[in-house]
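Model the full assembly from the supplied sequences, consistent with the hints where possible.
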Amino acid sequence: MINTIAYGLTIGGILYIISIGLSLTFGTMRIVNFAHGLIYTIGAYFLITLLPIARDNFILGAVLAVLAVVPISYIIERFVVRKLYGVSIDYAIIATYAVVLIGVDLIKWIWGASPIPLSDPVGIDVAFLGITLPLYRLIIILLAVVIFIGLSIFFKKTMVGKIVTAALEDKDAVRSLGINVDKYFAYIFVMGSSLAALGGVLYAPITSVHPYMGSMVLLLSFAVVLVGGLGNIKGTFVAAFALGMVMSVTGRLWGPAAETMVFVVMGIVLIFKPIEV
Amino acid sequence: MTTEQPIIETKEATIQFNDLIAVDGVNFTMKEGEAIGVIGPNGAGKTSFFNLLTGLFFPTGGKIFFSGKDITTVPPHKRVAMGIVRTFQLVSVFDSLPVVDNLILSTNRISPDHESRGAFFFGDAHRQNKVEQCMDALKLMGIENKAHLMTSELSYGDKRKLELAVALSLNPKILLLDEPFAGLSDMEIGEVSQIIREVKKKFSFVIIEHKISHIIDLVQRLCVMHEGKLIAEGPPAEVLCNAIVREVYWGKEEGLTCSV
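So the protein lines, in turn, are chains A and B. For the first sequence, my numbering begins at 1 and goes up steadily by one. For the second sequence, my numbering begins at 1 and goes up steadily by one.
In short, the hints are calculated from the structure, not lab data. It is possible that some hints are incorrect.
What the hints assert, rightly or not - Below, simulated BS3-like cross-link-like pairs (lysine-lysine); rule was C-alpha separation at most 25 Å, straight line:
no.	chain 1	residue 1	chain 2	residue 2
1	B	K146	A	K157
2	A	K183	B	K78
3	B	K159	A	K157
4	B	K201	B	K211
5	B	K201	B	K139
6	B	K159	B	K211
7	B	K78	A	K171
Pasting the structure below:
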C-alpha cells in the first residue's frame, strides 16, 4: 500500500510540474495549448542528446535540456500562440495541434521512432517502513513541492506575479493600467514550457522516451488543470497529487482502468464545478 | 500655450462587429481641459466609443488622433502612457489582490530610475517607496484604512473609489469614466461626484452616464449617441431642448426639462 502511495505521489509530482504551465496559459490567455505535450517530449529527447555532452551528469544534462527548450518555446509563443490571443479557442486547438504534428515528425526524423530507454540516474533505493523506494522518486516529489512553494512566492510577491494574477481576472483592465499584458504572457508561456520540459526530463528515466510520450501526459494534464481550476496555483497542486493518487490506486486494483479513472474524476468534478471558457 | 489643437479627435470613427455597427462614423473633438458628458440609451455605442479611444478595439474605419498624433492603431498600454486613462462600466479592480496592490500595479509603468527593470519586475513588489505613493492616492478617496484588506472584501462603492484612485494615479491627461455612478447609493453618488469635481480641473475628462441629472452640473458639453451615431452635441441646456434628443429620451427620465 505504501508503495502505491509513493507511486501516486511520484505521478502527482510530475503531473504538477507539467500542468502548472498549461494551467497558466489556459487561465491567462484562454489558449488550449496542445504543443505543451510536445515541449515535454522535446525536453526528454534533449536530455538524451545532452547527457553524453554533460558526461552523464544527470543534473547538468537536465538543466541544459530545460534551457535548450527555452528558445523553442519562445518561437512557438512568438509565431503561433501570440497570434491566437483573443480569437476563438478552436483556432488555438488547431494551430497548436499543427505544431505537435510538425514537432513529432521532426523528432522521428532526428531521433527515430523507436523508444529509447534511460536508466535511473540516482540508482539508490531507500528503505523505510519496511519497503524500499527508489530515491529518485522521492527527489521528484520533493522537487514538485519546492516548485509549488517557489511559484506561490513568485505570484504573491513580485510585480510580474501580480500582473499575471490580475490578468487572470481581467486582461483589459490590466491593459488599461498601461501594462503590456502580452509581454508578460510570453514570460509565463516560456516559464510554463520550461517546467513541462523539466517534467519530460524527470519522467524520462521512469518511462521510455518516444515521440508520442507527450500525448497521454497532455490529456492527464488537462484533467489536472480542469479539476484544479484554470490558473489556480494551489488548486493545480492539490489536483495533480489527488489525480496521481487516483491513478496509482486504480492501477493497483485494475491496471487498464488507471488512466480512465482520472477522466471519470474529472467528469464528476466538472458536473459540480463547471468552468466558463 | 493655448493652441487650438484638440486633445482628442476622431474622424469618421467606426467599428463594426459582423452585422452590427456599434460606432458609426463618429466625428468628435475635445479641447484640453474640457469636461464632456456622453449620454444615450443602452446599446447606443457609448462604451464601444470608449473602447476605440482607449485602443481595446481598433476601428474598422476612420481615424483617432491624440494631441494631433494619429493613434488609430496604437495599443492600449501605450495610450495609457500617453495619458489616456479610463474606468469601466463594471468596476474593474482585482478581487484576488489586496487593495493596495491594485495601485501598485498602476505604478508599474513608472519604473523608478534607481533600480533596474529586472529588480523592479522580479523583486519585492511591496517596497516602501511604492506603498507610500499608493497610500496617498487612497487617502484622497478616504479608503486608506482599507489598504491591506483583500479587494473582494470592499463594498461596491469602495471598489468604485479604488478604481478612481487607480485611474488618477496613472497621471491622466484625459480621463474617460464609464458610468462611474452605476450601482452606487445616493450618498455614494454624492461622494464620488464630489471627488470628480475636485480633480476635474487637473485634466480633460469624458463621462458616460445614463442619468443626465447626475452629470449635468459636472460637464460643459453633452454628446448624445444613438444607434452608434453622434446625434447631437453642445451645451447641456441646448442639447436637452434638441427635438431629436427629446424623442430618443422621451419618457425615459423624469425631470428632463427644457428650460429654453
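Status of the hints after comparison with the structure:
no.: 1; hint: B:K146 - A:K157; in the structure: 20 Å, holds
no.: 2; hint: A:K183 - B:K78; in the structure: 13 Å, holds
no.: 3; hint: B:K159 - A:K157; in the structure: 23 Å, holds
no.: 4; hint: B:K201 - B:K211; in the structure: 22 Å, holds
no.: 5; hint: B:K201 - B:K139; in the structure: 19 Å, holds
no.: 6; hint: B:K159 - B:K211; in the structure: 21 Å, holds
no.: 7; hint: B:K78 - A:K171; in the structure: 15 Å, holds
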